[in-house]
Structure formats: structure tokens, C-alpha cells
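Q: Line by line, the protein sequences give chains A and B. Heads up, the final residue of the first sequence is numbered 794 in this note's numbering, and it's a clean run with no missing numbers. Heads up, the final residue of the second sequence is numbered 442 in this note's numbering, and it's a clean run with no missing numbers.
Among the hints, a few may not be true.
[To be verified] In the BS3-like style, the derived pairs of lysine-lysine whose C-alpha atoms are separated by at most 25 Å in a straight line are:
hint : chain 1 : residue 1 : chain 2 : residue 2
1    : B       : Lys134    : A       : Lys736
2    : A       : Lys654    : A       : Lys85
3    : A       : Lys71     : A       : Lys96
4    : B       : Lys50     : A       : Lys179
5    : A       : Lys738    : B       : Lys113
[Unchecked claim] So the derived label-pair ranges between C-beta atoms look like this:
hint : chain 1 : residue 1 : chain 2 : residue 2 : range
6    : A       : Lys403    : B       : Glu149    : 19 to 25 Å
7    : B       : Ser251    : A       : Pro740    : 38 to 44 Å
8    : B       : Asn345    : A       : Gln423    : 35 to 41 Å
9    : B       : Ser170    : A       : Gln622    : 38 to 44 Å
10   : A       : Tyr538    : B       : Val111    : 31 to 37 Å
11   : B       : Ser241    : A       : Gln365    : 30 to 36 Å
12   : A       : Val623    : B       : Ser251    : 56 to 62 Å
13   : A       : Gln423    : B       : Ile154    : 15 to 21 Å
14   : A       : Val623    : B       : Gly63     : 50 to 56 Å
15   : A       : Ile305    : B       : Glu149    : 31 to 37 Å
16   : A       : Gln621    : B       : Val111    : 31 to 37 Å
17   : B       : Ser66     : A       : Gly410    : 27 to 33 Å
Hint data in this document are derived by calculation from the structure and do not stem from the laboratory. By construction, the Cβ of each residue, glycine as well, lies at the ideal position given by its N, Cα and C atoms.
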Amino acid sequence: MAFKIKTKISTTILLLLNALSVFSQNNASVMKGLVFDDNNEPLPFANIAIEGTSIGTFTNEDGTYKIVNIKPGTYYLTASLVGYKTVRKQVSVKNKTQIIDFILTATNYRMNEVNVVAESEASQIKKKGFEMESIDAKGLQSQSIELNQMLGQISGVRVRQTGGLGSRARYSINGLGGKSVRFFMDGVPMDYFGSSFSLATIPVSLVQRIDVYKGVVPVELANDALGGAINLVTRQDFRNMAEVSYSYGSFNTHRASLYGNWKDAKTGLTIKALAFYNYSDNNYKVWGDDIYVTDPQTYEIKRGITAERFHDAFDSKAIKTEVGFTDKKWADQFFVGVLLSGMDKEVQHGATMEVPYGEATYEQQVAMPFINYQNKDLGLKNLNANIFAAYSQLERSRVDTSKNIYDWYGHFVGQRTIGGEQQRTLNSLDEGVFSSRINLIYQLTPRQKIGFNHLYSVLERKESDPLVTQKTEGYWAPQYFNKSSLALAWQSQWIDEKLNTSIFIKQFAFDADIKVATTVAGETTYETVHTSENSIGYGMAGSYWIGERFMLTASFEKSVRLPEANEVLGDGLNVIPTVDLQSENSNNANLGFSWHLLHKDNHQLKWTANGFYRYVTKLIQQVQNGFEGFEYINFDEVSMRGVDTNLEYDFQNKFKVNQSLSFLEPIIESETDELGNENIVQGSRLPNTPFFTANTHARYNLSELFNNRANAFVYWNLSYVAAFYRHAEIIGSENKDKIPKQLVNNFGAGYTFPKEKLTLGIDFNNVFNEQVFDNYAVQKPGRSLFVKLTYRIM
Amino acid sequence: MKKYLLWSLNLFVSLGFMACNDDNDPKPDKEPKYETITENSYHLLSVIDKAYYMAETQGLSEGNLSFVNNGYQLDANLAARIIGSGEYLYSLNYGSGLLTQMKPNGEDYDVIKEINAGLAVGTDKPRYKLADDKTIMVYNVTAEPIVDEASGNIVDYTCTLRMVSVEIPSMTITNLTEFVIPQSDNAKLGDGYYPTRVDGAVISGDKIYFGLMHTSNLDLIPPLRKPKQTGLETLVFDYPSMSNGKIAESSKAAGHTSGYRAPSMHVDEKGDVYQVNWFMAANSFDLSAGDKTVISRLKGGQYDDSYLFNVSEKLGLESNIASVGWFYVGNGIGYMPIQIEDEGNYYSDNSWVIARVDVYNQTAVKLNVPMSSLFTCENGIVANDKFHLAISPIGGEANVYEFDPTSDSADGFTKGLTLDGGNVSVVGIYMTQIEKEVEVTE
């Protein structure tokens with residue numbers, strides 16, 4: 001079905017362009033509006049046509065359309081889209097702008113129709129040649145699922161969490177992880193949104209879909225992403241609506257969210273708001289060899305006990321409000337908003353579970369005012385501008401001063417001679433960041449587009465810790481770090497739109513003021529050193545249709561990952577500043593296809609596969625620098641090659657099963673270590689990296705079983721990760737740290753009541769109570785149950 | 001010193017055992033006779049990418065030992081520190097504070113007993129040392145600032161040592177002691193210096209000695225920590241009562257006396273304690289102030305003012321040298337990894353070499369072994385009358401070297417067991433001994 005849409009779109013584009021060229025000389029009126037489904041979601045790529053003429057257009061990604069220069073008169077305007085009933089409206093056109101909105105009703109099963117739409121958007125991006133996978137949140141919004149769980153279903157994406165709700169997560173795409181994966185929300189980098197407003201906390205109810213770009217990243221997201229990019233696309237409703245949801249479940253977990261939209265049709269005044277609150281005790285049970293208690297008399301230890309986590313509570317909350325105008329001549333969208341968020345986290349343990357903590361905490365607050373401006377015709381016709389600017393004020397503090405020692409039963413068993421469970425600190429960090437994104441796209445000709453993107457940030461950081469006694473000049477060093485990414489792209493279509501290409505060039509730069517301490521003959525002197533770097537990245541992406549069902553995609557990028565502020569400036573405590581740090585570089589290549597194997601009315605079978613190769617040089621690594629200090633240096637080289645594949649079967653939009661597999665061969669390529677020693681592990685697999693993962697997702701819509709307009713579904717998700725070693729694969733033979741294989745079953749069901757106002761979802765995770773680890777010896781939650789209610793107020 | 005005598009004895013017994021094995025002609029009609037012999041086995045500790053592995057070898061003189069697909073990974077949150085004594089190896093997990101007693105079984109290691117030694121001294125990062133052949137000392141020092149309420153400035157520190165004795169092989173914890181380390185006038189001469197670490201504990205007679213490390217509160221941002229530049233100090237207690245704690249002082253040289261991973265202090269056959277100083281960190285030499293690498297002697301809980309072995313001077317090198325610890329063989333002979341300032345920095349260059357020192361005759365010879373990086377060198381052992389230490393030059397071939405204590409030649413060593421080299425860094429060699437009953441044939 002998605003495929004049909006594509007061909008339709010192609011013809012529509014042609015029609016539209018012809019129409020525009022014919023009518024562009026006339027000075028007449030404008031018709032514009034929005035097309036929604038009956039769930040208030042905007043419908044992109046819907047065909048808008050004026051009956052009896054060749055005039056027509058299609059809706060944009062946000063469901064908007066615009067037809068200009070129509071001669072006055074009475075017309076019939078139709079809106080149509082595959083899978084929806086066509087709507088016809090009579091319109092009297094006068095010499096002014098008229099707003100005509102459409103609501104399209106799905107022809108059969110709504111829940112999956114939306115999937116089709118999302119897929120079509122994803123396909124659009126894929127068509128440009130980028131290796132991208134998209135996961136639609138629409139059908140999942142009634143579930144108590146976390147965004148991190150959703151991401152984990154995508155082949156080649158690994159999310160490794162260090163515990164329950166709110167725990168830190170590490171992301172990797174095709175084996176490249178850490179800071180080489182960048183996050184965006186509607187195209188805006190999330191770097192300075194704070195961890196209280198991140199994938200770990202944002203409820204699924206607020207998200208429309210998640211796009212994952214593997215390796216090669218398009219210009220719209222022109223950040224310094226080596227491994228790939230993850231773009232959260234939030235809900236874009238432009239009609240008045242409000243929705244609340246509340247989920248409760250195991251480990252005293254509460255998740256509430258509120259989402260609302262209000263628009264005054266006359267003035268275009270629009271208010272958008274979202275808010276959420278998450279809380280969990282995270283008091284799930286952990287067991288095994290790493291969980292032990294000490295006999296207070298003999299100090300002998302007893303391993304293998306089962307204990308409940310007792311100091312792992314987490315809460316996070318956020319409010320994001322935007323006030324502005326939509327559909328004005330001077331702006332399609334203009335919003336001024338503010339994001340306020342915060343989180344509190346208890347810290348249960350360090351890198352492994354061996355030593356439990358009972359008092360250490362962490363908290364963070366972010367206040368971020370921002371503006372967002374979008375205009376499809378900025379001055380010049382066909383110049384689409386999208387501008388975002390924000391100032392983020394982040395405060396983070398850690399409290400770790402307790403002398404009390406706890407065991408895994410939560411009992412107080414002794415006293416430390418010095419305070420601090422993990423590291424004695426009252427560290428607080430105050431970070432102010434101005435960041436901006438300017439995105440301009442100019443349609444040169446019907447088949448040629450030029451895009452420009454600029455990301456810029458200026459960071460100023462202050463740290464303080466009343467426990468740090470050496471308040472020297474070095475400690476208070478001014479810390480500035482500026483970063484900029486510029487990108488330029490040329491997108492075009494060739495050979496009857498069978499071939500789509502995108503060529504791009506990106507420029508990355510950073511500069512920093514670093515205060516460097518030098519000690520000679522016992523005397524320490526400080527000087528401020530300015531350091532900067534400029535790097536160029538470039539690449540291309542393309543897709544080619546062979547026949548009507550087979551699309552080939554290929555992309556290549558030479559990409560750059562700039563160092564982070566912490567890596568250059570140090571942390572004022574254990575990590576020393578460095579003036580020599582450079583960007584990481586990588587060459588990324590993808591070759592894949594998308595093949596509709598079966599395309600009959602009742603059966604759809606689609607197979608996508610992608611092979612990739614990445615070669616990373618100058619990897620930024622933390623190393624020991626002398627006596628108990630650390631610094632970041634560039635030294636390692638790794639290569640990653642592998643295959644992601646996905647098979648998707650759909651029967652009548654009722655039953656859907658998806659199977660993804662991901663193989664990765666991450667190889668250490670460095671000939672020497674950072675000191676110049678021969679690298680014994682060269683050619684072996686990179687440690688602590690999962691190399692085989694699989695995910696099966698099956699979903700069945702039961703709507704027919706119920707009376708009118710009620711909806712129901714059940715799903716089952718099975719995920720598998722093969723065992724891997726924590727350290728060098730080829731070193732040692734006994735007692736090696738190993739992350740065991742994981743096999744996790746999740747079940748769930750949802751029911752939307754006949755009036756569609758209320759939806760009930762039930763999620764049953766880790767049904768067989770498997771001992772699950774993403775990281776070495778850090779256990780994740782076992783069996784758990786969540787119930788979620790979603791209510792649409794209007 | 002008993003240890004070394006025991007080793008020498010073992011050698012003879014081992015040789016005897018080998019001789020017995022050579023004789024394959026038992027006489028069945030005689031009543032069998034048995035005797036107890038001691039078999040040595042050797043264990044090498046390697047570290048690669050922050051993971052620690054232990055592998056056993058029967059000999060150190062020839063052949064090779066690789067950690068590729070071989071070796072037992074040790075629990076090491078931050079690092080693993082090893083002691084070999086009797087039948088057992090003891091592994092301290094620096095980061096969890098667990099002390100694990102392990103017994104080699106020929107293929108890998110059986111865990112015999114685990115105790116939470118760190119908890120006993122209130123930290124998961126304790127330091128420890130085999131103080132004599134039946135005692136492991138585990139300890140931890142904390143420094144609490146004393147703030148002048150009027151100004152808010154830190155005027156001093158209260159430095160508390162907390163320690164326990166772990167009896168081996170029973171692994172029982174006794175003698176929990178807390179002691180506020182007195183700060184001598186000497187210690188206060190530097191700018192904001194106070195004791196931050198003790199290490200290198202040795203027991204001699206009725207005294208136990210701890211080396212001290214001083215750092216400055218003005219200089220805590222790594223790696224700028226620099227040693228106190230004035231005087232030597234050693235903390236001495238009556239043993240086993242752990243009472244009467246005092247600071248022994250000397251103004252003949254300066255620096256830390258704690259050692260780093262290599263031990264700073266040894267007890268000779270006469271019960272005297274010989275100690276090397278450490279005045280180097282972060283390329284922060286201040287030899288113009290008269291700093292030098294010396295071996296001092298302590299007797300009866302005091303520095304012996306009649307003795308000072310100026311290793312820097314006796315080596316007669318053009319460059320300054322530094323040391324963080326040394327190894328004693330017997331009869332006054334020891335081996336000391338020394339860093340040669342002109343050859344590069346102390347932590348990532350091939351700037352270290354081995355010197356043979358004779359503490360009785362006060363002579364020192366720089367040996368012609370390859371330059372390497374030995375800052376983190378943990379242990380070498382005496383076996384078969386030779387001293388064994390692993391040397392892994394950066395970018396070069398790694399071997400166990402066998403040093404002949406009877407030779408005062410710069411070439412008084414041979415190359416032994418070949419190691420992986422490269423980034424598999426062998427930082428310590430340990431020995432276990434099993435007593436066996438064997439049939440004696442005549």
C-alpha cells in the first residue's frame with residue numbers, strides 16, 4: 001500500500017508542478033488547509049484536487065496544503081488518500097485566502113492505516129537513499145512502553161540500560177555507540193535538553209514516530225554523528241484536542257502524561273502543551289553471584305542471595321508549552337515556548353552491582369526558553385525555512401557524602417572512614433548553552449532541491465563543590481566550548497524519478513578556551529590555551545527503483561564526531577584538560593534494498609536488508625595519564641561490518657508480524673596501543689559489543705470481534721541478544737566476564753472503547769522472569785505488569 | 001627473611017625431587033620411605049585494557065607463556081593486587097574490597113575463601129601487603145579537613161589510619177586498629193602537605209613499619225600530585241599490639257616512603273629494615289633541592305642515622321634517577337627498577353631500567369636490560385637462587401629476566417620465559433608452593 005502511495009505521490013508532484021506553472025501568472029486567490037485522519041493526526045501526501053480542472057496538490061509532511069492563484073468561482077475540492085474515504089467539498093472562491101480543512105475516515109482498520117502513513121513518510125526518506133528505519137508510535141501510544149523499548153525493536157539498534165526506569169542508557173547503531181549517536185527532536189539536537197527530557201523519560205504518548213538513521217545522516221540533521229542519528233518526531237496535531245494518560249504498574253511505577261492543542265481558526269493563535277510525570281521505586285529483585293552480604297563478625301561473604309533494590313527510586317517531570325501562530329502569511333508556524341524539566345535519581349550502585357549504595361543521589365533541572373519559526377515561502381517562493389533557537393540553563397548536582405555502608409538487604413553494616421559511596425562529592429554543575437538550528441530548503445526546479453543546515457552552540461560551564469578543598473585557579477578555570485556544524489545538500493530526481501540522489505558536504509568546527517596546568521620542578525603554572533579545529537565531511541545517498549517493487553539504496557559518508565566539552569575541558573576532578581584532542585573520523589557505507597515480495601489485497605510481504613561498513617579512526621578514548629589522572633586522546637581504529645535485515649508480513653491489516661535480525665562484526669584495527677606497543681588484540685572482535693540480535697514482533701487486531709467502532713489488539717515481542725564478552729575476546733580462557741545471552745518475552749493488549757475516548761492498555765514484560773543484563777553484572781527488571789489508561793478529553 | 005631462606009631450602013628439596021625422578025629404578029622389595037618436598041609453581045599477572053588475568057607456568061627460565069586464549073580472569077573492579085604465599089594466591093579486588101584466597105589446580109584456580117577486607121577498614125579501595133609470611137596487613141587512610149571557622153580556610157587535616165591484620169591461610173581478620181597519624185613539624189614544612197596514604201608494611205621483631213605518602217591540598221588535581229620535598233617519615237607501631245604508634249623521621253633525604261605498587265621496604269636477615277624513597281611524580285623533580293634516590297635503614301623503630309646509601313650517586317649516571325620500590329633477594333642484594341629522567345616521562349615511556357643494589361656494601365650497578373616502563377611493576381620473585389622480573393619494553397619483546405644475585409656485572413642476567421609483549425603487560429610474578437609426600441628410593 002505504501003508503494004501505491006509513492007507512485008501516486010510522484011504523479012501528484014508532476015500534476016502539482018504543472019498546475020502551478022500554468023496558474024502562476026494569474027493574480028487570484030489562495031486555498032489552504034489541513035488534512036487529518038479522524039484521530040486528529042495530520043495526513044501527509046493526501047491528494048487535493050479541484051474537480052474539472054488539472055489543478056491539484058498534495059499535503060506536506062505536516063498535513064498542510066496550499067493552492068494559489070485560483071480564479072474566482074465555485075468548485076468541488078476533493079481530498080483523497082489510499083486507505084481513506086475520499087471527501088468532497090463545495091467551495092466558492094473569492095479573491096482572498098480561504099481555509100478548507102478535511103477529515104478523512106479510514107476505509108477499514110484505522111490503527112493500521114496509520115502505520116501505512118508513517119511507513120510512507122519513512123519510505124520517502126529512504127527513497128532519498130538514506131539507510132533509515134522508522135518506528136511508528138501511533139499504535140503504541142496506548143501501551144506502557146518506553147521509547148527505549150521501542151528503539152530496541154529496530155534492527156541494528158541496541159539500547160543498553162543500567163537498570164529500571166530512568167536508568168542511564170547507552171545507544172548504538174550498527175555497533176557504533178556512545179557519543180557517535182546523536183539525538184534530535186523534530187530535527188533539533190537534544191544535546192542540551194537535559195537527561196530529564198530524553199528518550200528515557202519522554203512518554204510514548206507524546207511521540208508520533210522515531211526515525212533512526214544508520215551511519216549516513218541527512219543534511220536536515222547535520223550534526224556530528226558518526227554512528228547515526230535518532231530523530232523523535234513529536235505529535236503534530238493542529239486541531240483542538242487534549243489527551244491524558246496514566247499508567248501504573250510493577251515497582252510502584254507511575255507514568256502520567258498530558259497533551260493538548262488549541263487553535264483559534266480565525267487568528268491562527270495556537271497553543272501547544274505537553275507535560276509528564278514519571279516515578280518508580282525500581283525496587284525489582286536482583287540475584288546471582290554478584291549479590292552478596294558480609295558476615296559482620298568474620299567478614300566472610302555469602303554470595304548468591306536474592307535482594308530487592310532499595311535505593312533506586314527515580315522521578316522525572318517536564319512541562320513544555322508553546323504559544324504562537326500557525327498558517328499565517330508570514331509564518332506557517334511561529335512559536336515561543338519554554339521547556340521546564342527535572343529529575344531526581346537515587347544511585348543504587350556503580351558499574352557493577354557488587355557494592356550497593358544507600359544514600360547517593362543525583363538531580364537535574366533544565367529551563368529552556370526557545371523559539372521556532374517555519375515558513376514554506378520565506379521571501380522567495382519555494383524557500384522553506386525552519387529556524388529554532390534556544391537557551392538552555394542546566395543545573396546538575398550530585399550528593400554523595402555518606403559514611404554509612406549498606407549491604408544488599410539494605411542494612412547498615414558499617415562506616416566508611418571517609419564519606420562518599422561512589423565518590424565523595426557535593427558537585428554541582430551550572431551550564432548555560434545557547435543553541436540554534438537554521439534549516440533552509442530551496443526548490444530549484446521540480447526535481448532539484450538545495451538544502452542548508454546550520455547548528456551552532458556556545459557553552460559556558462561552572463562547577464562547584466564545597467568538598468573540593470583545592471580551589472586553585474585551575475579548578476575555577478573558565479570553560480568555554482563552541483561548536484558548529486554547517487551542511488549543504490543537493491537533492492535531485494532523475495530517470496522518471498526512478499533515481500533519487502542526494503549529495504552533501506558538511507563542515508564541523510569547535511573552539512575552546514582551556515586552562516592548562518604545567519608542573520615543572522614542583523612549581524605549577526597555569527595558562528589559557530585556545531584550541532580549535534575545522535573538519536570537512538561529505539557524502540552521498542541514492543536510491544533506484546528497479547521495476548515497481550524493488551528499490552536499491554546506497555549511501556556513503558565521510559563523517560566527523562567533534563569532541564565533547566568534557567573531553568576537552570576535563571571535569572575539574574579526575575579528567576585533565578587536553579589541547580591536543582581532535583575529532584573522530586569515520587567512513588560509512590551502506591548498500592541495501594527494499595523489496596515488496598508479495599503485494600496482494602490481503603497479503604503484504606516486505607523484505608528490507610542493508611549491508612554496511614564503517615571504519616573509524618582517531619577514536620576518542622579515556623586513558624590514564626600518569627599517577628591517578630585521566631585524559632582523552634585519539635588513538636584507536638575500529639571497523640564494523642554487518643547486515644541488518646527485516647521481514648514484514650501483513651494480513652488484511654489485521655495480523656502483522658515483523659522479524660528483524662542484525663549481525664555485526666566489530667573488529668579492532670589498531671596496530672599499536674596508545675603507547676606504541678604492538679596490539680595483541682588487533683583483528684579480534686571489539687569487546688563489550690553485542691554482535692547478534694534478533695527481534696520478533698507480532699500483533700493482531702481484534703476489532704471485528706467487538707461492536708461498532710471499538711478497537712482491540714494483542715501483541716507479543718520476543719527479543720534475543722547473543723552472549724558477548726566484556727573484555728578482549730581472545731585474552732584469557734577461564735572465569736571471563738561475559739554478558740550472557742538474553743531472551744525476553746513481552747506480551748500486551750489494548751482496547752479502545754466504542755466512543756474512542758478511552759483506551760486501555762496492558763503490558764506484561766519479561767514474562768518468564770529471565771535474568772536480563774544489558775551490561776556486565778547489572779541486572780535489569782524481571783517480570784512486570786503495567787496498566788495504562790488514555791483518555792481523550794476533546 | 002625467613003621467606004627467602006625457605007625458598008633456598010625449597011630449591012634444594014626441589015632439586016632433590018628432580019634427582020629422584022630421574023631414578024626410574026625403584027626397588028619393590030623394600031619398605032617404601034616418604035619425605036616431604038616442596039614444589040614451586042609460578043603465576044604471572046597480566047593486564048590488558050583494564051582487565052587482569054593470571055596464568056600458571058611451571059618454569060620461568062625458558063619457553064613461552066601467552067595470555068591469548070589462556071589465563072584466569074581476576075575480579076578487578078579497578079585493579080587486582082596479588083600476593084603469593086604458601087599454597088595460595090591472594091587477590092584483592094581494588095574497587096570492591098574483597099580479598100579472595102585462591103589455590104591453583106593445575107588448569108586454573110579454585111576460590112577457597114572470600115572475605116570483605118575492605119569493609120573491615122571502611123573502604124572498597126583498601127591497600128594491602130604481606131607483612132610477614134602469616135600476616136597480610138589491610139589498611140586505609142582518610143584525611144578530614146580541619147576548617148578555621150572564622151576564615152573558612154582549611155588549616156589542617158586529621159589523617160586517620162584504619163587497619164586490620166588478616167591471618168593467612170585461615171583468612172581471619174584480627175586487630176582492627178584506628179590511629180590518628182601524628183603530623184610532624186617536618187611534614188608541615190611543605191605547602192599544605194599531609195599524609196594521604198600508608199603502604200609497604202613490614203614486620204620486624206616487635207615492630208611494624210608503614211611507609212608514608214604526603215600530598216598537598218593545593219595540588220590535588222591529577223596528575224599534579226607531587227611528593228613532599230622535605231624529610232623522610234615512617235610510621236612505626238609495636239607489634240602485634242599495634243600500640244605506641246610513632247613517626248620515625250630522617251632529614252637525610254626526602255620523599256614518600258610508601259612505595260607505589262612495588263614495595264618500598266624489606267627486612268634483611270638481621271632484622272634491619274631497608275627503605276627506598278620516592279620523590280618523583282608528574283615530571284616534578286627538584287633535584288636542585290638536594291633530592292636523591294636513597295636507601296635508608298631503620299632499626300628498632302628509628303632511622304639509623306649512621307646509614308645512608310645514595311643510590312643516585314653510586315650509580316654515577318649523568319641523568320637524575322628515581323624509584324618507587326625495589327625487591328630484596330638476600331645477603332644485602334636487591335634489584336631496583338629505576339627511572340632515568342633523560343629517557344622520558346615516568347608513566348608512558350621506556351625510561352626505566354633495573355639496577356642491582358648491594359645495601360651492605362653500598363654499591364649499585366645499572367644492568368644492561370632493555371629500557372621499559374616499570375612504574376606500575378608489582379612483583380618479582382626469588383626462585384632457584386635467581387631473581388625474576390618481567391620486562392616488557394614498549395614496542396619491544398617481552399621476557400621474564402633471571403638475575404643472578406652473585407654477579408655484580410652489568411650483564412649478570414639471562415633472558416627467560418618469553419611473554420606476549422605488546423599491550424599484554426605482565427606486571428607481576430608470584431609463587432605458590434605445595435608440600436608433597438614422595439616416596440624415597442635408595
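Q: Taking the beta carbons of serine 170 of chain B and glutamine 622 of chain A, is their distance inside 38 to 44 Å?
A: holds, 41 Å
Q: Hinted pair, alpha-carbon criterion (25 Å max): lysine 738 of chain A, lysine 113 of chain B. Please report holds or violated.
A: Holds, at roughly 23 Å.
Q: Would you mind confirming whether the straight-line C-alpha gap from lysine 50 of chain B to lysine 179 of chain A stays at or under 25 Å?
A: holds, 21 Å
Q: Lying within 31 to 37 Å: is that true of the beta-carbon distance glutamine 621 of chain A to valine 111 of chain B?
A: holds, 33 Å
Q: Is the hinted range of 56 to 62 Å satisfied by the C-beta distance from valine 623 of chain A to serine 251 of chain B?
A: violated, 38 Å
Q: Quick one: are valine 623 of chain A and glycine 63 of chain B within 50 to 56 Å, going by C-beta?
A: violated, 33 Å
Q: Lysine 71 of chain A and lysine 96 of chain A were given as a pair; does the straight-line alpha-carbon distance stay at or below 25 Å?
A: Holds, at about 11 Å.
Q: Between asparagine 345 of chain B and glutamine 423 of chain A, does the C-beta distance stay in 35 to 41 Å?
A: violated, 27 Å
Q: Next pair to validate is lysine 134 of chain B with lysine 736 of chain A; report whether the Cα-Cα distance is within 25 Å.
A: Violated - the C-alpha atoms of lysine 736 of chain A and lysine 134 of chain B are around 30 Å apart, more than 25 Å.
Q: Please check whether tyrosine 538 of chain A and valine 111 of chain B have a Cβ separation lying inside 31 to 37 Å.
A: About 55 Å separates the Cβ atoms of tyrosine 538 of chain A and valine 111 of chain B, which means 31 to 37 Å is violated.
Q: Could you say whether the range 31 to 37 Å given as a hint is met by the Cβ separation of isoleucine 305 of chain A and glutamate 149 of chain B?
A: 46 Å Cβ-Cβ, so the 31 to 37 Å window is violated.
Q: Mind checking the hinted window 38 to 44 Å against the Cβ distance between serine 251 of chain B and proline 740 of chain A?
A: violated, 59 Å
Going through the hint list in order, the structure does not satisfy hints 1, 7, 8, 10, 11, 12, 14, 15, 17.
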